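Novice: Chain by chain, the residues:
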Amino acid sequence: MTETVVDFPQNFKEALNDAQLRRNLRAAMDTMGQRRRNLFADLDALERLRARGDAIRWRALRQLPDLLEQLEKKCTENGIQVHWAETPAEANQICLGIIQRHHASRVIKGKSMVSEEMHLNHFLDEQGIEALETDLGEYIIQLDHETPSHIIVPAIHKNRDQIARLFHEKIPNAPYTEVVEELNAIARKVLREKFFAGEVGVSGVNFAVAETGTLCLVENEGNGRMCTTAPPVHIAVMGLEKVVERLEDVPPLLRLLTGSATGQLITTYFNMITSPRKPGEKDGPQEVHLVLLDNGRTKIWADLELRQTLKCIRCGACMNHCPVYTRLGGHAYGYVYPGPIGSMLTPQLEGLDHAGAMATASTFCGACEEVCPVKIPITTVLRRLRTESYRKADAPDAVKGHGYKRTLAESLTWQGWALSNATPWLNALNAKVLGLAGPHLSKLPQVGLLKHWGQTRALPPFARKSLHALAKEKGIADE
Amino acid sequence: MSNARANILARLRAVAPQEPAATPEPDFYPAAKLGHADRIAQLKRLMEHMHAEVIVTDPQNWIATLKDVLRARQLNGLLYGPAGPLGAALEANWDGELPPLVGYTEAVEQCKERLFALDAGITSTRGAVADVGALILWPDANEPRLLSLVPAVHIAVLEATHIHDSLADAIARERWAEGMPTNALLISGPSKTADIELVLTFGVHGPKELIVLVVD
Ligand code: SF4
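The listed protein sequences derive, respectively, from chains A and B. 1 is the number of the first residue of the first sequence in the numbering used here; add one for each residue after it. 1 is the number of the first residue of the second sequence in the numbering used here; add one for each residue after it.
Looking at chain A on its own, in the form it has when it is part of the complex (with noise of 0.2 Å):
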């Protein structure tokens, strides 16, 4: 599903002008951040503790078919109806054929970012179908008719008194209060009669363990468990590379995850749900729904390089520590999933000629890598992805929408260039020529994107002597 183009640097501006949010932001990421070093303090246990975080994962895309097919056999013994959907709008006719099959007009909804994805509210809300959020941070974006800019904190880039004039206004009879715990208060209320009264949960998955069938969410609130519990249907909703093989990778990964998103050693709940009620039983769900979705994930997974972005446990720590989220925030990347776990995955599901500028949107200052706990090496799937946007329009199995950057002035250039290099004669006459512009052109030209790079830095000369001439006379070898 393909949102409006993205109007990148316009975007950029407004929220680095937005003097509000950068200050909500800031304080913000600065926490979270320290939140995750205290809890990692000892760095040798958190290394071993990422090398195996990485390794799971790695072993999990590895067997991807295997496991896909095992997670689906075992749910079906428990008794989980498990569907397949291509695409988001697939996933959306699903979920939509189990909601009216149960004629069921409210929907209450745990924190989901696949959901997200698929823009399910919109698409329910378009049928006539309530879909309520029910993540205080999810409640209060959709109050306000926002989508999130965090993917663990959703509403991050409101303070409290945005959230108190909301709250004013928004819900009947709410009283004005800037007191979080009565803001607190006031969606407890609210939610709980929802919770009472919901005929269809849907939430996400954080790990769904191939070897006995089990969906694991991670959750503070409690409102996942209510949509999973209280209402007669339960529908998951995940992205297929969300399984793991055994339920002894789930530890681990969940010391990472709540570690790396949030600083804690653990949520205050870690729900797993293996089947729907069983006879006798008096409460959860009758049914229990389980949707995989690709929306391109296959051809991400068919590239080994690529692929390693499919590792990810969405936990935000690389949104946390990038110094081009945390000025921004999540709203101006324009895409659900924003920073750099965004940049990286964003222009692979959507096409880098929809959504390539993510990729640019980063400094390649790699501090994303050192914090993300399975390993991900973000920088090089990006600078991959930076290539991609320049390859040419026919090369097979590239990433979609490829070389959308492609210009024949740019092509000429390298290749003159390549040229250049590849033989002797003609490079010792450009260097020449350069080499004797130099004293006269004492700065590269101001103009097009080196005006603009120009602006705030002083650009540097020219060099006397080329690179090849300084080599050749410190006596290193010229392959």
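For the record, the hints were derived by calculation from the structure and aren't laboratory data. Please read these numbers as outputs of a predicted model, since none were measured by experiment. All C-beta atoms in this analysis are idealised placements derived from N, C-alpha and C, irrespective of residue type, glycine included. Please note that the accuracy of each hint is not assured.
Derived list of chain A stretches under chain B, where covered just means 3 residues or more per stretch with a C-beta under 8 Å from a C-beta of chain B [said to hold, decoys possible]:
#1 51-58
#2 222-230
#3 240-249
#4 365-372
Pair by pair, the computed Cβ-Cβ distance ranges are [unchecked claim]:
#5 A:Gly128 with B:Ser2: 21 to 27 Å
#6 A:Arg101 with B:Arg114: 25 to 31 Å
#7 B:Ala83 with A:Phe196: 22 to 28 Å
#8 A:Thr87 with B:Pro82: 46 to 52 Å
#9 A:Glu77 with B:Ala107: 22 to 28 Å
#10 A:Lys474 with B:Pro17: 30 to 36 Å
#11 A:Asp44 with B:Lys67: 31 to 37 Å
#12 A:Arg101 with B:Ala6: 19 to 25 Å
#13 B:Arg114 with A:Ile171: 46 to 52 Å
Based on the hints, put chain B with the ligand in the right spot on chain A.
Specialist: Just chain B with the ligand now, kept in the frame of chain A:
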């Protein structure tokens, strides 16, 4: 019927499988092997940090401790599972001054309104994990899932000998992989959120209070 399943699997199967490069998988945290008393102390410390109230008591006194807990609060009733591990003891020791015991004996469809109106619920626990400070619950027909979720106060009774060093330990020792229940839970405190300015607030959608009676 869509062909999504066949198409997805076909795409995955079309890629030549890699050789199973043996990535070393280091032991991530051989959780400290604690003695009995240390395990209790660690659990208490971590859970209290998460705003749970942890009271260590013994087999003779846990009911009396429970009564103290209840008397200290204004509660309109205590939801429990009559056929669960605590049922008989509670019934035998109840008296009129305490909030009435209310059995969770019907399917939720029949008692949802009552359920949502009650202030407190009591459950047994399957065990706990010391290294992160969390209870293990496997709700069942006798002590259903909503018992530990809907009432604002959740009281949990834990046998001290059932505390494991870690979740990994519990999974391995009790061979969870051989048969998972409908629902297995870890609970580390009362429900909480930090969604507004990261200010930690307790008591969102789940219980506002978690009281753990450790029977040692
Ligand atoms: S890329 Fe790594 S750091 Fe970022 S959300 Fe995914 S797992 Fe977390």
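Novice: Going back to the hint list, which numbers does this structure go against?
Specialist: 4, 10, 11, 13
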